[in-house]
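Protein sequence lines correspond, in order, to chains A and B.
Residue numbering for the first sequence is 1 to 247, as defined by our numbering.
Residue numbering for the second sequence is 248 to 698, as defined by our numbering.
If you are wondering where the hints come from, they were derived from the structure by calculation, not from laboratory data.
Honestly, I wouldn't trust all of these hints.
Derived DEER-like restraints, expressed as beta-carbon distance ranges [what the hints assert, rightly or not]:
1. B/594 / A/184: 42 to 48 Å
2. B/592 / A/242: 40 to 46 Å
3. B/263 / A/139: 22 to 28 Å
4. A/165 / B/616: 56 to 62 Å
By construction, the Cβ of each residue, glycine as well, lies at the ideal position given by its N, Cα and C atoms.
Residue strings, one per chain:
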Amino acid sequence: MGKVLEVNGLSKSYKKDVLAADSVSFSVDEGEIFALIGPNGAGKTTTIRMISTLITPTGGDALVAGHSIISEPAKVRENITYLPDEAGAYKTMTGKQYLEFMAGLFTGDKHVAERYIDRAAQICGLGDRLNEKIGSYSRGMIRKLLLSRAVMTEPKLAIMDEATSGLDVINALEIRKMIKKLAKETGMSFLLSSHNMLEIEYVSDRVGIMTKGHLMVTGGIDELKQRYNAANLEEVFERVVIENEVR
Amino acid sequence: MRFGNLLKKELRELITPQALVSMGAMLLLFIFLGQMLGDFTDSMEDISSATICVQDKTAFVDDILASLKEENIEVNQVELTSEDYAAELDRLELDNLVIIPAGFTDSVLVNKEPASLKIVSKVAGGGMISTAQTMSATEVIDAIEKAAEDSILLESYGITPEEIERIKAPVNTTEISVLNGKSAEVATEELSAVLMMQSMVVPIALFFMVMMASQMIMTAISTEKIDKTLETLLSTPVSRLSILGAKMLAAVISALLNAVVMMIGMVFYVGGMLGSAGEEMMNMAVAGQEVSASADGVMSAMEAMGELGMSISVGSYVLFGIQIFISVMIALAISLLLGAMATDIKSVQTLTMPIMLVTMIPFFVTMFADLNTMSTVPKLIMYAIPFTHAYTAMNNLVFGHTALFWGGLVYQLVFFAVCMFLAVRLFTTDKIFTMSYQTGAGKGKKGLIKQ
Ligand SMILES: Nc1ncnc2c1ncn2[C@@H]1O[C@H](COP(=O)(O)OP(=O)(O)O)[C@@H](O)[C@H]1O
Ligand SMILES: [Mg+2]
Chain A
1 MGKVLEVNGL SKSYKKDVLA ADSVSFSVDE GEIFALIGPN GAGKTTTIRM ISTLITPTGG
61 DALVAGHSII SEPAKVRENI TYLPDEAGAY KTMTGKQYLE FMAGLFTGDK HVAERYIDRA
121 AQICGLGDRL NEKIGSYSRG MIRKLLLSRA VMTEPKLAIM DEATSGLDVI NALEIRKMIK
181 KLAKETGMSF LLSSHNMLEI EYVSDRVGIM TKGHLMVTGG IDELKQRYNA ANLEEVFERV
241 VIENEVR
Chain B
248 MRFGNLLKKE LRELITPQAL VSMGAMLLLF IFLGQMLGDF TDSMEDISSA TICVQDKTAF
308 VDDILASLKE ENIEVNQVEL TSEDYAAELD RLELDNLVII PAGFTDSVLV NKEPASLKIV
368 SKVAGGGMIS TAQTMSATEV IDAIEKAAED SILLESYGIT PEEIERIKAP VNTTEISVLN
428 GKSAEVATEE LSAVLMMQSM VVPIALFFMV MMASQMIMTA ISTEKIDKTL ETLLSTPVSR
488 LSILGAKMLA AVISALLNAV VMMIGMVFYV GGMLGSAGEE MMNMAVAGQE VSASADGVMS
548 AMEAMGELGM SISVGSYVLF GIQIFISVMI ALAISLLLGA MATDIKSVQT LTMPIMLVTM
608 IPFFVTMFAD LNTMSTVPKL IMYAIPFTHA YTAMNNLVFG HTALFWGGLV YQLVFFAVCM
668 FLAVRLFTTD KIFTMSYQTG AGKGKKGLIK Q
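The whole structure should be built from the sequences, with the hints applied where relevant.
Given below as structure tokens:
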């Protein structure tokens with residue numbers, strides 16, 4: 001299988017001498033769900049924003065579908081969608097209008113746009129509520145709308161920062177199911193992030209554990225649990241941190 | 248195509264039903280206020296009728312009443328049944344009443360002493376309308392006095408009305424206004440009135456435009472940033488310049504719409520307020536008609552302005568239009584930069600202040616003071632504010648201060664270029680996401696993301 005994302009030594013410093021991301025390297029295969037996990041401030045959002053071409057790396061590079069985020073950001077944007085952490089949507093628009101607007105940014109073709117919108121409407125499961133103003137939506141509904149818009153164009157790579165944070169159990173569960181199903185059915189790849197390590201076990205195929213700007217280790221979930229003799233990812237994280245401190 | 252999509256979205260955000268409703272409400276308010284004040288002004292001018300009780304029935308008094316009619320005052324005669332004025336006013340349902348008492352004619356013509364005249368008015372409260380009523384009665388008295396005066400001059404001294412006219416206006420003045428070494432036969436006051444209209448209306452419109460445009464774009468950009476819709480938008484495959492362009496264009500369009508509504512409101516307001524007099528003034532300012540009902544041969548203000556080299560050519564209007572456009576664009580660019588720094592809704596309000604100040608200060612200063620007569624430091628400060636040049640542009644063009652105008656325009660262009668450069672940089676680099684954190688140190692030397 002080909003690699004959709006290859007991250008090579010990506011670094012970012014916002015202030016002098018402080019690296020929010022320090023030589024981060026990993027890769028995501030086609031159809032794979034990869035999750036960056038780690039506590040708040042670990043550098044997940046920073047890494048994700050660099051890959052999404054929103055902020056400029058101070059070192060390293062990443063290739064999305066073979067295109068460099070530094071020299072070909074426009075090409076990269078054609079192959080990704082990005083769902084920011086705690087993102088909102090335009091409150092004065094209806095859900096439908098929002099989908100129309102976003103579809104219009106990806107294609108100039110009316111029919112293609114319609115296909116995108118239909119797909120999103122089906123995935124988000126909001127039904128008639130799509131004709132209501134987004135201002136009247138709950139958090140969960142907004143997240144479902146945004147998620148459906150992030151996958152409606154079937155990008156090579158869908159990037160979602162903290163996809164389920166701030167949602168109640170039922171909504172979080174639904175979102176996780178949606179992601180899993182989409183990856184299986186469409187062959188899209190997902191790059192997720194989460195500070196909730198227990199939850200991410202249920203969604204991702206592989207994870208990368210980050211703390212303090214460093215990507216400590218990557219691997220399949222079972223593989224990591226075995227390697228660190230841990231019952232869950234939280235324990236894996238604990239042991240990884242201890243191991244690195246000892247070293 | 249994609250730009251159209253972006254523009255549509257921005258316009259939908261700015262021109263909401265609520266915005267339209269408040270615009271409409273504003274318009275109605277202006278019209279209503281203008282009408283109300285206009286009614287008042289009209290009632291003040293309205294002395295077309297007077298109620299008079301004549302207790303001295305002589306040919307002399309009849310003459311006076313006839314001359315009142317000549318002045319277009321409709322005389323309504325009543326009889327009193329008692330000396331209880333309050334009761335009489337109530338009975339006759341009047342607010343005021345002029346009484347010509349018995350012996351009025353004898354006092355004037357025979358005894359040659361001041362004759363007495365009575366005016367009875369109801370005090371109807373402290374409002375302006377009641378003052379106006381008393382004033383209209385006073386005008387009637389003035390007319391009676393004048394008629395009495397003319398009669399005395401004719402009866403006692405044999406002076407005819409023609410002679411009276413000549414005596415009262417023995418001097419005929421020709422006013423000549425001089426400007427920039429040219430002169431024209433027109434009253435300086437009349438010229439000033441036209442100039443006032445010209446140099447006031449446009450700055451007010453500009454002022455509103457700038458305020459509206461910057462508020463709108465600031466809110467637009469900061470809510471996008473706070474709701475993180477901006478991140479989503481900037482990660483899509485549309486050129487960032489078109490995102491920026493759509494935002495600015497939408498703000499210009501809705502600012503223009505607002506300004507037009509505001510101007511219509513103002514015209515109604517001023518027009519309504521001044522009543523018929525106001526309409527005349529508006530017409531003359533707009534269409535260049537004669538300033539007043541001045542006698543033939545006297546130049547109209549507009550003609551005079553042409554003679555004095557003050558008239559505004561089409562070219563000047565174009566230049567002035569460019570000035571205004573650049574001013575609005577500068578306001579937009581600054582607001583964009585400020586709005587991008589906002590991290591929450593509250594800080595948006597704080598960030599609006601600087602824009603308000605730099606638009607308001609030159610607006611009022613140029614309205615009440617002449618920059619050229621200011622001392623150097625305040626003058627330089629005023630000139631450093633780009634909007635000053637927009638407010639003074641019209642006068643600079645009219646009075647032929649070409650160097651000042653062009654200097655101002657060039658300064659504005661440079662200022663705009665710098666602001667735009669920063670705005671584009673903001674959108675094409677990661678500045679927009681990192682700026683609010685930065686303290687100023689350690690900026691620069693970052694690799695740019697190519698568009
Ligand atoms: N725009 C910014 N400017 C300066 N520092 C930042 C900025 N964004 C994040 N940081 C810092 O970078 C580090 C990593 O943050 P972040 O990538 O948001 O972590 P995570 O998403 O894993 O919680 C933190 O120490 C944070 O304070
Ligand atoms: Mg984060």
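Requested in this report: With respect to the beta-carbon atoms only, verify the hint that residue 592 of chain B and residue 242 of chain A lie 40 to 46 Å apart.
Outcome: Once the Cβ atoms are compared, 43 Å apart, the range 40 to 46 Å for residue 242 of chain A and residue 592 of chain B holds.
Report task. Mind checking the hinted window 22 to 28 Å against the Cβ distance between residue 263 of chain B and residue 139 of chain A? Result -> holds (24 Å)
Query raised in the report: When you take the CB atoms of residue 165 of chain A and residue 616 of chain B, is the distance between them in 56 to 62 Å?
Result: Since the Cβ atoms of residue 165 of chain A and residue 616 of chain B sit about 58 Å apart, the hinted range of 56 to 62 Å holds.
Query raised in the report: Are residue 594 of chain B and residue 184 of chain A spaced within 42 to 48 Å by their CB atoms?
Result: holds (44 Å)
Against the hints set out earlier in the document, no violation occurs for any number.
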